[in-house]
Amino acid sequence: MTYCGHIFLFFPFWYSFSFILVHSETDSGTIGGLLCFNEVAISNGIHFRHTDGRHGEKYYLETPGSGLAWFDYDNDGDSDLYFVNSTDVSGRNSVPPSTNALYRNNGNGSFTDVTVDAGVNHEGYGFGCCVGDYDNDGFKDIYITNFGVNVLYHNNGNGTFTDVTKEAGVGDEQWSTGAAFADYDRDGDLDLFVANYVEYRLEDDPICYWVSSRFDNKSDAWKPRKKDTFHSPLLVRHRIYCLPKNFEGAPDVFYRNNGDGTFTDVTHESGLGNLDGKGLGAVWSDYDNDGDADLFVANDTTPNMLYQNKNDGTFVNVALHAGVVAVGKNGIPLSGMGTSFGDYNNDGKLDLVVTNFENDPNCLYRNNGDGTFSDETYSSGVGKNSLPYLAWGVGFLDLDNSGHQDMFVANGHIDDNVKVYTPSAAYAQQNQIFLNLGDSSFREISNQCGPGLQLKKVSRGAAFADYDNDGDIDIAISNSNQTPDLLQNDSDNQNHWLIIETVGTTSNRDGIGTRVTIVTEGGQQIREVKSGSSYLCQNDMRLHFGLGNAEMIDEVMVRWPSGLVEQFKNVKGDQFLRATEGEGLTVAHIPKSW
Numbered sequence: 001m002t003y004c005g006h007i008f009l010f011f012p013f014w015y016s017f018s019f020i021l022v023h024s025e026t027d028s029g030t031i032g033g034l035l036c037f038n039e040v041a042i043s044n045g046i047h048f049r050h051t052d053g054r055h056g057e058k059y060y061l062e063t064p065g066s067g068l069a070w071f072d073y074d075n076d077g078d079s080d081l082y083f084v085n086s087t088d089v090s091g092r093n094s095v096p097p098s099t100n101a102l103y104r105n106n107g108n109g110s111f112t113d114v115t116v117d118a119g120v121n122h123e124g125y126g127f128g129c130c131v132g133d134y135d136n137d138g139f140k141d142i143y144i145t146n147f148g149v150n151v152l153y154h155n156n157g158n159g160t161f162t163d164v165t166k167e168a169g170v171g172d173e174q175w176s177t178g179a180a181f182a183d184y185d186r187d188g189d190l191d192l193f194v195a196n197y198v199e200y201r202l203e204d205d206p207i208c209y210w211v212s213s214r215f216d217n218k219s220d221a222w223k224p225r226k227k228d229t230f231h232s233p234l235l236v237r238h239r240i241y242c243l244p245k246n247f248e249g250a251p252d253v254f255y256r257n258n259g260d261g262t263f264t265d266v267t268h269e270s271g272l273g274n275l276d277g278k279g280l281g282a283v284w285s286d287y288d289n290d291g292d293a294d295l296f297v298a299n300d301t302t303p304n305m306l307y308q309n310k311n312d313g314t315f316v317n318v319a320l321h322a323g324v325v326a327v328g329k330n331g332i333p334l335s336g337m338g339t340s341f342g343d344y345n346n347d348g349k350l351d352l353v354v355t356n357f358e359n360d361p362n363c364l365y366r367n368n369g370d371g372t373f374s375d376e377t378y379s380s381g382v383g384k385n386s387l388p389y390l391a392w393g394v395g396f397l398d399l400d401n402s403g404h405q406d407m408f409v410a411n412g413h414i415d416d417n418v419k420v421y422t423p424s425a426a427y428a429q430q431n432q433i434f435l436n437l438g439d440s441s442f443r444e445i446s447n448q449c450g451p452g453l454q455l456k457k458v459s460r461g462a463a464f465a466d467y468d469n470d471g472d473i474d475i476a477i478s479n480s481n482q483t484p485d486l487l488q489n490d491s492d493n494q495n496h497w498l499i500i501e502t503v504g505t506t507s508n509r510d511g512i513g514t515r516v517t518i519v520t521e522g523g524q525q526i527r528e529v530k531s532g533s534s535y536l537c538q539n540d541m542r543l544h545f546g547l548g549n550a551e552m553i554d555e556v557m558v559r560w561p562s563g564l565v566e567q568f569k570n571v572k573g574d575q576f577l578r579a580t581e582g583e584g585l586t587v588a589h590i591p592k593s594w
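First residue of the sequence shown? That's 1 in our numbering, and the numbers climb one at a time after it.
By construction, these hints were calculated from the structure, which means they are not laboratory data.
Where a beta carbon is used, it is the ideal one built from N, C-alpha and C, also for glycine.
DEER-style ranges, computed between Cβ atoms: (1) Thr162 with Gly56: 36 to 42 Å; (2) Ile590 with Asn158: 24 to 30 Å; (3) Leu585 with Asn359: 46 to 52 Å; (4) Asn359 with Leu564: 43 to 49 Å.
Below, a list of computed lysine-lysine pairs in the DSS-like style, where the Cα atoms sit at most 27 Å apart: (5) Lys572 with Lys349; (6) Lys419 with Lys245; (7) Lys310 with Lys349; (8) Lys456 with Lys384; (9) Lys419 with Lys384; (10) Lys384 with Lys245; (11) Lys419 with Lys456; (12) Lys384 with Lys349; (13) Lys569 with Lys349.
Just need the whole structure built from these sequences, with the hints factored in.
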């Protein structure tokens, strides 16, 4: 059911006028217009519900939530959806037990739960996931991060998966979070980075309180207390989740693909073994444009890491030099959560966004092209509007097909009783869209984006795909201890678009790490094929370009991880294309009209 087409019938005049304010024109096309999203998860057959097991004990394990993945597991041309789930650790076993879930896209806007038939009904305490064809057999595999042993599912190519974790040697047993595949050594197969969070044992989980005076309810009178060490008739104790500072960081892990279905742990020799990271978000990108994959890791209350690939099997952390460590005014590192690279100002250089805790801004870094970044958090319009929210999933994506990448942010608090220590905060929060105005600035327009953006949920991961193959980007959101949201893009504009799928031959089969540049009358745009991004999530690997008014692309340039560069002239827009390494562009399938 679609609601956006009738939005003006149901809202008062002031709300209608707010849509008009979003509409503007640039040389490349319409920015904004009627940008509208409808929530369609249940109506389209998605009945998954996330379970974190909370029953009031306030186990720290319950706070991060879980991610999800868009990927075409059956190679039928549309994006299927995989949800990572957690479980009950309190001893009150859920019946039936909560499991991860795979929903097959039926190609008509609906989904079918194929979890059991596909063999991916993992029952662990899950957090994140990433996708990559690690054995180059033409079928996308999926890696799941857990508290406990991680899981690698091999795609058998017949609609089923096999757990090959033990044989592959990638069963890290720590508290793992973000993960991502990349071909760091450019040998044609995918290697795997796994971010780990903190050293944690359920039986050693500390008890934390906020203590307030019975006579003074001001927030500056509240102090955190670890353990119940005192009693006073003048004080009120509020049980809350503990903070990251109550735990030691866990070292990250990096696996090199041996090319035979197995991996070797090369964490130490590669230089990626951050011992104190408290890592959450992880994303690979060639930020310095030298042809190899670099790595950014968002850390929670410890400095973020930007690992520059030295092209000799090793990395060096250049975050301080690059200016992306992310510290507050007091010099204390921020709480890095989700992260993404994208060229928001279309200058040919990949910029960086990192989400953070409430009262700290989401950080936007503009790539200067010389190995450094400039902090544009507040000058861009992103900073002030992100302060009230606790942010997680994030991505650069062109929601209105204007030719400029907008930003989506998923929000939600960790404490269901957050108001006892921050009265102005909320547990369930509104997610946000920042509209790119085409002048290196953004406008927060969430209230003008239709009913799907008016929802208030406890959101965590956000992943992006054109699931209905109509040429615009839709959004899937994992909500902690709730059902997910599927925000269908029903925006009304006449802008054009292009979507490109990459298939490697010498490079890895998915083409992960491939950079595609297009040139139109509106300027230049770049995209990279990625595994893992946002927060604990996997986006559709197909590359989406909004074209604005342009019906024709003057040039498409594809730079593969192998080093091969291919150029194609006068490519028509409004197409799904497949770029096969060394073989050119072909039509992948026909766009759908609903």
